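Chains as they are written, first to last, in numbering that gives the first Met the number 0: chain A, 0 to 324; chain B, 0 to 394.
Calculated directly from the structure, the hints in this document are not laboratory data.
Note that the structure is predicted; figures quoted are calculated from it, not measured.
Accuracy of the hints is not assured; some may be wrong.
Derived DMTMM-like pairs (lysine to aspartate or glutamate); straight-line CA-CA distance at most 20 Å [to be verified]:
id, chain 1, residue 1, chain 2, residue 2
1, B, Lys365, A, Glu194
2, A, Lys249, B, Glu373
3, A, Lys226, A, Glu200
4, A, Lys158, B, Glu366
5, B, Lys365, A, Asp164
Simulated coverage check for chain A against chain B, where a stretch passes if three residues somewhere in it have a Cβ under 8 Å from a Cβ of chain B [as the list claims (entries may be wrong)]:
id, stretch
6, 84 to 93
7, 102 to 116
Backbone N, C-alpha and C define an ideal beta-carbon position, used for all residues, glycine too.
Single-letter residue listing:
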Amino acid sequence: MPVMNMVQALNTALREEMERDSRVVVLGEDVGRRGGVFLVTEGLIDEFGPERVIDTPLSEMGIVGFAIGMALYGMRPVAEIQFIDFIYEAFDHIVNNAAWYRFRSGGMYEVPLVIRGPCCGGIKGGMHHSQSNEPYFQHTPGLYVVMPSGPRDAKGLLKSSIRADDTVVFLEPKSIYRTIKEEVPEDDYTIPLGEGRIVREGSDVTLVSWGAMLHVSMEAAKLAEEKHGWSIEVIDLRTIHPWDRDLVVKSLEKTGRLVVVHEARKILGPASEISAYISENYIDLLRGPIKRVASYDTPFPLAHERLYMPNLAKVYRAISEVMEW
Amino acid sequence: MSKTGLLDTPFKPAPQEILEQYRDWLGEALGFKRAVDEEGNVVDESLLPKIPESKLVEIHEYMVRARVIDSWLLRLQRMGRVALHAPNKGQEAVAVGATMPLRPDDWVFPSYRELGAYLVRGMSEEEILDRALANADDPLKGSDFAIYGNRKYNLVPAPVPVGNQIPLAVGAAYAMRYMGRDTISLTFFGDGATSRGDFHVGLNFAGVFKVPAVFVVQNNQWAISVPRLRQTASPTIAVKALAYGVPGLRLDGNDALVVYKVVSEAADKARRGEGPTLIEAVTYRLGPHTTADDPSRYRPEEEVRHMERYEPLRRLRKFLEKNGIMTEREALEVEREWDKRVEEIARKVLSKPELPKDVFFENVYKEEPWFIAEERRDLEEVLRLMQELGLGDSH
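Take these sequences, add in the hints, and give me the full structure.
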């Protein structure tokens, strides 16, 4: 099995899907010769040509709107947003068209589109190269929202997203694009959308996370175990919307304590939804309050981003709080 | 190799042949094409489409049907049965003239004021009313008001936010070419939509990718209460296309024959792979923006009265009579016939059952996720409670 980083795994997924299905094309800014600013589409133009690896004019509204038209006609476009922070220009298209065409047309039309791009902070990217904006998309019925935490999942999830008949917003935490390397199977595997994964088994606390924050959560779990002997179960949600409720509930039946960690801001972030849902429906499983660890509710800063985002201390503190309540 | 298109240096004026091409384009974009004037006289023989008389009769009939169903939609809205209607009166020539030359496998992305186009594509009055009433036979399952479409007719249901179908029509046109089809996509939008970013990106992408698309602007002079001169300082809308490397031309949108002729040429050109065209059809919205609008607040009645003499159906009838194709009396008979037919259809449609109460849970995703299944069960419980509380089922 080859060892790959996330960029290579995503590139492999795109290449394999384009080989498998001529309806799959990629489009976006600088995706051709440049191979994307993070090189996720590197080399694809040589293999598939400029009709399938489409350098577009510079407009997210154009990229997404154009891709929706392609998808309506029966293609399976993968639209790259150079930095997910730039996606707001396309918001009208994502909500009113991509997410709702199936509904608007009484099921006659669908938009099998993947909108993918680098998200999240931790690389000193400042306000417009660091955002974790999944809550906007989670709030829109009709969309899937996916964020992988490593190369193996990235490949399997991107393949499922391309094959899905609904629009998928596929968020790639750029801080772990190249830092995590792992064995990535060469076969044509997919990871079903909507299924999380238990990354670390435990019995005292359920720690739910995804993307780059999964790794901070894993460190915190280790620290809590070393310091106190607490046994922390860590779940990688992988698909943020619809989230894997059954997996979380099953884990809570064992632990009775819940911490949700994400890089999106706290107010109305996915953790708010998860904790409200669990409180509303499964209060009997809980031994104490749920803790949310999220970024602060300010714009993403260039200065002190590690203090702004969830970090080891914040996750460790949340674990301690639910254990000592 | 340079990809800028300016191999030696960009620091020079555009080449002579571009200047010449743009001079021609500018003439068309600032000009005004018309085949038949408001009294039904042919003013430019070369702009008459070469079509048999039977086709002219068909154009007239579609325009009549558009006007009749429009008036029924208004009536049903006033009866409280239709949520909202965007009246079409005065704009029938654009919708009918622009869609008649298309092939069934071409794709049309309408806006919300093209009843004539829906009819030409194959929608029946019954389907239009089912849609407007959002009853059990509504093909769009009660999703929104004022929009129409059906995959059967390659008529893509329009969005209500104006103009956001423009980039979609361009993407679909790219897909057609990519898949090796010789079809085209045609989209309608209004003068107001040309101020949105979607117009800019749509035209820009269309020019860059040279897609097989035709853009038809229904310049009806008013975007609700905002007049055309407040939308743009540009002398015409057609001229905007030139900035994207797309030819734009301006014509009399109340002259169904010139619309037919010019769209048919633009469609052929797109089909041959020679790129997109923008057509500014100058027309006039005789009615309110929608049934929720009151134009007396912003538009002088004299203007409407003045514009009535340019309206398209009157003009076509004069043309048909002057050319011995159909008398005024015969034309009015066609209208009475359709009015009677639609009255029967309306009666039938009004007695159809409503959509199932849980219809809005359908078609959110291909496969229903757990949270929708849960909310579906919640609604069942709420409906039971409403019965228990004696609230009926619609409070």
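Any hints from earlier that this structure breaks? Give me their numbers in increasing order, please.
none
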